[in-house]
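Chain residues, written in single-letter form:
Protein chains: 2
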Amino acid sequence: MAVFSVFDHQMMSRAIQLARKGLYTTRPNPCVGCVIVKDDQILGEGYHQVAGQGHAEVNALQQLKDNGFSSEGATAYVTLEPCSHYGRTPPCALGLINANIARVVVAVKDANPQVAGKGIAMLEQAGIQVDVGLLEDEAFDVNLGFMKRMKTGMPWVTVKVAASIDGKTALSNGVSKWITGSAARSDVQRLRARHCALITGIETIIADDPQLNVRYEQLGSLKNTLSPSSIHQPIRVILDSKARMTANYQLFAITSPILLVTTVDYPEAVKAQFPAHVNVFIASKDLQNRVCLHSVLTHLGQTCNTVLIEAGATLAGSVIEHNLADELVLYQAAKLLGSAGRNMLQLPDYHKIEQAPKMLLKDKRNVGQDTRFVFRFN
Amino acid sequence: MAVFSVFDHQMMSRAIQLARKGLYTTRPNPCVGCVIVKDDQILGEGYHQVAGQGHAEVNALQQLKDNGFSSEGATAYVTLEPCSHYGRTPPCALGLINANIARVVVAVKDANPQVAGKGIAMLEQAGIQVDVGLLEDEAFDVNLGFMKRMKTGMPWVTVKVAASIDGKTALSNGVSKWITGSAARSDVQRLRARHCALITGIETIIADDPQLNVRYEQLGSLKNTLSPSSIHQPIRVILDSKARMTANYQLFAITSPILLVTTVDYPEAVKAQFPAHVNVFIASKDLQNRVCLHSVLTHLGQTCNTVLIEAGATLAGSVIEHNLADELVLYQAAKLLGSAGRNMLQLPDYHKIEQAPKMLLKDKRNVGQDTRFVFRFN
Chain Y
1 MAVFSVFDHQ MMSRAIQLAR KGLYTTRPNP CVGCVIVKDD QILGEGYHQV
51 AGQGHAEVNA LQQLKDNGFS SEGATAYVTL EPCSHYGRTP PCALGLINAN
101 IARVVVAVKD ANPQVAGKGI AMLEQAGIQV DVGLLEDEAF DVNLGFMKRM
151 KTGMPWVTVK VAASIDGKTA LSNGVSKWIT GSAARSDVQR LRARHCALIT
201 GIETIIADDP QLNVRYEQLG SLKNTLSPSS IHQPIRVILD SKARMTANYQ
251 LFAITSPILL VTTVDYPEAV KAQFPAHVNV FIASKDLQNR VCLHSVLTHL
301 GQTCNTVLIE AGATLAGSVI EHNLADELVL YQAAKLLGSA GRNMLQLPDY
351 HKIEQAPKML LKDKRNVGQD TRFVFRFN
Chain S
1 MAVFSVFDHQ MMSRAIQLAR KGLYTTRPNP CVGCVIVKDD QILGEGYHQV
51 AGQGHAEVNA LQQLKDNGFS SEGATAYVTL EPCSHYGRTP PCALGLINAN
101 IARVVVAVKD ANPQVAGKGI AMLEQAGIQV DVGLLEDEAF DVNLGFMKRM
151 KTGMPWVTVK VAASIDGKTA LSNGVSKWIT GSAARSDVQR LRARHCALIT
201 GIETIIADDP QLNVRYEQLG SLKNTLSPSS IHQPIRVILD SKARMTANYQ
251 LFAITSPILL VTTVDYPEAV KAQFPAHVNV FIASKDLQNR VCLHSVLTHL
301 GQTCNTVLIE AGATLAGSVI EHNLADELVL YQAAKLLGSA GRNMLQLPDY
351 HKIEQAPKML LKDKRNVGQD TRFVFRFN
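From first to last, the protein sequence lines are chains Y and S.
Numbered continuously in UniProt numbering, the first sequence closes out at residue 378.
Numbered continuously in UniProt numbering, the second sequence closes out at residue 378.
Hints should not be assumed to be uniformly reliable.
For identical chains, the list gives no copy identity; a pair is met inside one copy or between any two copies.
[Unchecked claim] Within a straight-line C-alpha distance of at most 25 Å, the following computed DMTMM-like cross-link-like pairs (lysine to aspartate or glutamate) qualify:
(1) K352 <-> E203
(2) K151 <-> D141
(3) K223 <-> E124
(4) K358 <-> D8
(5) K352 <-> D209
(6) K352 <-> D208
(7) K177 <-> E321
(8) K364 <-> E327
(9) K177 <-> E354
(10) K177 <-> D349
In case anyone wonders, no lab produced these hints; they're calculated from the structure.
Construct the complete structure from the given sequences, taking the supplied hints into account.
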């Protein structure tokens, strides 16, 4: 096992910090950062910004060259194993070899079992010292969705809920404006902006007629680093088992992609009215004749690293109940809504505490007047 | 209005810190701290420890004397207006006058409208400069219960709840061991130890057969400053509208006071079996033929500054619904119990969010793995 110095840790921390800059823009590619160093001096650094454009290593080497430095004998810190295949860009491992890099420190191997190790092998065959595993967990966390999808074909699934301290999302009559404050609502916009797709149910569309898009003006501090055109809109996925959707809802006015998921196809007359940015996916049924959640997520896993569930208690609870959720993000308002209010998640009647969903608290922080909890299911 | 220096603030902060040392032991008396200063030097300090023993001013003057100092021309910082009446001890205002104190700084006036201002007037008549209102809110907060009772005759009422993040206290079958962790349960012991009385319902006694006492070994850090014999046990108040209590429950084995509150008296044969530390109070009925909560609290207000409600969702919710609660202390576990679980508070079906109880978040902190919220109702 490689031994890493304090300086190694500092440089990889910096590389991870750079990788995170791509959180909102690299998908479906992973976020990667790279720092190139010689004699304790940073010669160049870079990160992957947008799929199809330069990878982190290429950008770092370019900056090094622009700075008038030589990469001969330098050390490169990379948050993810350099790629070894020709895609839209040539393999990064080759770029590091051609640049005469002497040592490459890799935080985490590629998650795809068919690819993992090949980039490292290519570097080692060229005589480069490769040290793997520095700040591995931290680097892995930056690409949870990409890593899961590469390994399993399924996206990382996050359930988002906003509720009161007594666990209610609305009064019994549905009134819920506003449980949480504006800071929490802005945070939800940033959460949406990080996700490849967003799932809700037809009931939510009928009840609230939401647009379900990312609203640039509500992104808060993110506006300092991202321009309106660099924001990706998540695919809006509507689960509509019985094909009840019609074209007269607000979400159609926004031209980013929409995926309608149903178990029976829509009548041709209805389909003809859906705009061009709408696709339909006929999913298999579950035992209750609803859309099979597993089949929807498998379908989305073809292109999406991350999926956000913003839905009512039935759908959100069902995702958790069927062990399809990886994460729960709860925005909790310091309010009581009363026992008659709507429960935040519809879950089964457990008889032992051990039967309730197992979760690990990953993060808890104040967001304005509210608290944001991030839980991981296990 | 008096103008206070930074030094004044420092000295009164110290006095408040001293006052808090009495939180577990002074009742039904208020917590009071006193610091005596001359030429920017602390000559003596003290606090009220136990009802019937020396008041803060007396203890501070005694320490000053023990230290070999003279109180002539000194300034006394007192968290509560010095008393002006002969009780078990002579008036403190007189003590300060006899000690030739030149200036008295008072944080907050006595809350009892019949007494407020008399101690200050006594000092001023003796030619002492009296400045009132320094750190008033902070000093008030140390004696919320005493202040409310002196002003209104009613005790300060705190509702305590332990629940999951989805607002449940137990599964549908009642299983609840353990929702919160050992640190939270130890904190509840300290909460109990601060209260004059503890109210629960007969349903809780029948379901759980609890002892409802303060267990010294579970007081955690408090054991460093308090001996077992200095702990006061709160009066255990059981609401038992239909006189269902019998003598064979565990709480009777502990010899601290018990008050059974009913609307109909117990049969003589049952009463004869209750031990000597049990009293019965026949309260008036409410519209549902249950014990009238207002009448119980009024009765307790004769002797109790603070009352803790540790009860099921019906009783705890009812106290809040009827605007009888001053504070809600919620221990929240980072767990889901599921929508079929028991709601933390039984409250009405509200139609507007404005109808739900109005609360102000006063404090939120980690207690072990759990979060403790303190809300004030308004």
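key: Index of numbered hints that the structure contradicts, given in increasing order   = When the structure is compared with the hints, numbers 3 and 4 turn out to be violated.
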